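With these hints in hand, go ahead and build the complete structure from the sequences.
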Amino acid sequence: MTPIRAAFLPLTDAAVLIAAREQGFAAEQGIALELVRTESWATLRDRLVYGQVQAAQMLAPLAVAVSLGLGGAATPLATPFRLNVNGNALVMRPDFAAALDPDPAARLADPLATAHDFAAAIGLYRRKPQIGIVHRFSSHALMLRYWLASAGIDPDRDVSLRVLPPSLMLEAMRSGEIDGFTAGDPWPAAAIAEGLAEAVVLGARIWRRGVEKVLACRADWLAGNAAVADRLLLALSHAAAWCDAPENRAELAEMLARPDHVGMPAELIAASLNGQFVPRAGAAPLPADDFLLFHREAANFPWRSQALWIWSQLVRWGQADRSAEAEAAAGAVFRPDVYRRALAGSGAVMPGASAKLEGAVATPTGVGAHGGALLLGPDGFFDGRVFDPDAIDAYLAGFAK
Amino acid sequence: MRIVIIDDTGARASVLEDGLHEAGYDDIHVVQPSGAFVSRIERLVPDVVLMDLGSPSRDTLEEMLLVSRALAKPIAMFVDQSDDQMTAAAIDAGISAYVVDGLRKERVKPILDLAVGRFTAFARMQAELAEARTQLADRKVIDRAKAILMQQRGLNEQDAYTLLRTSAMNANKRMAEVAEALITASSLLGKGQP
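Taken in sequence, the protein lines are chains Y and R.
Residue numbers for the first sequence follow our numbering, beginning at 1 and rising by one.
Residue numbers for the second sequence follow our numbering, beginning at 402 and rising by one.
Hints may be right or wrong, so weigh each one.
So, partial list: chain R residues that the calculated Cβ filter (under 8 angstroms) puts toward chain Y [as the list claims (entries may be wrong)]: (1) Glu423; (2) Leu454; (3) Gly455; (4) Ser456; (5) Pro457; (6) Arg459; (7) Thr461; (8) Glu463; (9) Glu464; (10) Leu467; (11) Thr488; (12) Ala489; (13) Ile492.
Hints listed in this document are in silico derivations from the structure and should not be mistaken for laboratory results.
Here the structure is a predicted model, which means the values were calculated and not measured.
Ideal Cβ placement from N, Cα and C applies to all residues, glycine included.
Printed below as a string of structure tokens:
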């Protein structure tokens, strides 16, 4: 057995790592997987960078930021596997949400209109809305910025973004420190269940097949431990398929609920696993079948184009300086080559390309793939824009900011 | 040199604070990582910030260090990331250190050394305390089981103890576990509690 330590945060989308251990998929591949529960992304990053763990569940933009040395020393990380697609939501205090479309289903169904309502509500609100984000380099923060800006809201001027770990969001809502937050499940669901907040927009409605948590390793570790890494990816791929299977969801919810994992009630966790989202305390759940994907539609394949989308947004918001070298380095964080190597012959469906136009699939589409048919679900951004990884300048020029 | 310790337990912070005082640092402030702690730190303008590695508030602090105008950009974390040994020791001890002013490594290293030593000693003390508590609890359970055996089986204290120990050895269990099982069984059977 090869020992591997992997760090995670208490979130529903740690499911694949947790299932890999608890359902024996890691052991099957000769890996003694030890999970290290961590309370902040900074600690998770340090444990990975300084070699206390060999793998981690990481925010995709944080993997890019650490590799580029944004906000600290640069350590090249490698992302050979996506742990899930989507899974977060923006929730706001009920009085703020009421100033948007009062019908939560209508709010969620039309993100563009809701963004404009949000812009109007800022003007009427008693103060600049304080919105909790889990990290500046998080998918949710980038999607939130993208969504706010679509209605002319400057996320650096018109709202106040406050960084808090997911597990402290509820307390910050209770004490009135923040007016809302965006985080991965089950934390939005928990805030809604307690009546502290209502759903305003789901990550999956901003970008229907976005990028969320990834498996990250140090690039030098991955290079020096190729055989072990391949076995780990195989274990994770089996675990991801298990997590996605409807018949396993109840067991998965119970497994995640345990105090050493997420430590929240199984009912709260089960809703989004079952493709449902309760938008307001006591309301009937709304269907949200693509709220969180673990495996289907090549959910685990690390598209280079998504690392570059992240890079484009870091440049857009002035968090990274534009340079060809940095762009190449950002794109190189995602490692479809390792994914292909590790899962070759495993039956996993392989996309024919390693990058794609992001946001260009309007209806479920079969694409070129090895090892079987690959059906990609609609991946659109809510504003209809398409990201071409070969034309980042033109893409950025299309935004007012 | 102004040092801020961020800690929510109090005990660990005061252990560290005492050590720093003894080492001749006298400008030390302890801040709880809750509410508007970021603005309190900002007002203090520290040179070095020491924080529990496991604190959920680390992301909040790092964000502040990135955007704050009052504080310079953090020049280093764990003093100097090129010093691998020091970094590893700090992480093992559970400390994250932020140097928020352009302090030279030589000036910060003794502080971090001291913090590592104190944090490690504190963790050891906590572990010993926990173990002592367990031992105490174990002894109470064993005494009760012994009393039951003496009462029910008419054994003397030494024989009751030997019986418990032999049963534990045969079952490959801790004595306290066997004792606990005995107490439970005895109360289920409604036999007199000692």
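To see whether the hints hold, each was checked on the structure:
Among the interface hints, the one on R:Glu423 is violated; its C-beta lies about 29 angstroms from the nearest C-beta in chain Y, farther than the 8 angstroms criterion. Evaluation of the R:Leu454 hint against chain Y yields a held restraint, the C-beta minimum of about 6 angstroms falling below 8 angstroms. Given hint, R:Gly455 at the interface with chain Y, holds; its Cβ is 6 angstroms from that chain's nearest Cβ, closer than 8 angstroms. Because the closest C-beta pair between R:Ser456 and chain Y is about 7 angstroms apart, less than 8 angstroms, the hint holds.
Because the smallest distance between the Cβ of R:Pro457 and any Cβ of chain Y comes to about 4 angstroms, under 8 angstroms, the interface hint for this residue holds. Hint status for R:Arg459: holds, given a least beta-carbon distance of 4 angstroms to chain Y, under 8 angstroms. Hint status for R:Thr461: holds, given a least beta-carbon distance of 5 angstroms to chain Y, under 8 angstroms. Below 8 angstroms, beta-carbon pairs count as interface contacts, and R:Glu463 has one with chain Y at about 5 angstroms; its hint therefore holds.
Annotation: interface hint on R:Glu464 holds; nearest CB of chain Y at approximately 4 angstroms, less than 8 angstroms. With its C-beta approaching chain Y no nearer than about 5 angstroms, R:Leu467 sits inside the 8 angstroms limit, and its interface hint holds. Interface restraint check for R:Thr488: the shortest CB-CB distance to chain Y comes to about 6 angstroms, inside 8 angstroms, so the restraint holds. A hinted interface residue such as R:Ala489 counts as satisfied when its beta carbon comes closer than 8 angstroms to some beta carbon of chain Y; here the least separation is about 6 angstroms, so the hint holds.
Interface hint at R:Ile492: satisfied, since its Cβ lies 6 angstroms from the closest Cβ of chain Y, which is below the 8 angstroms cut-off.
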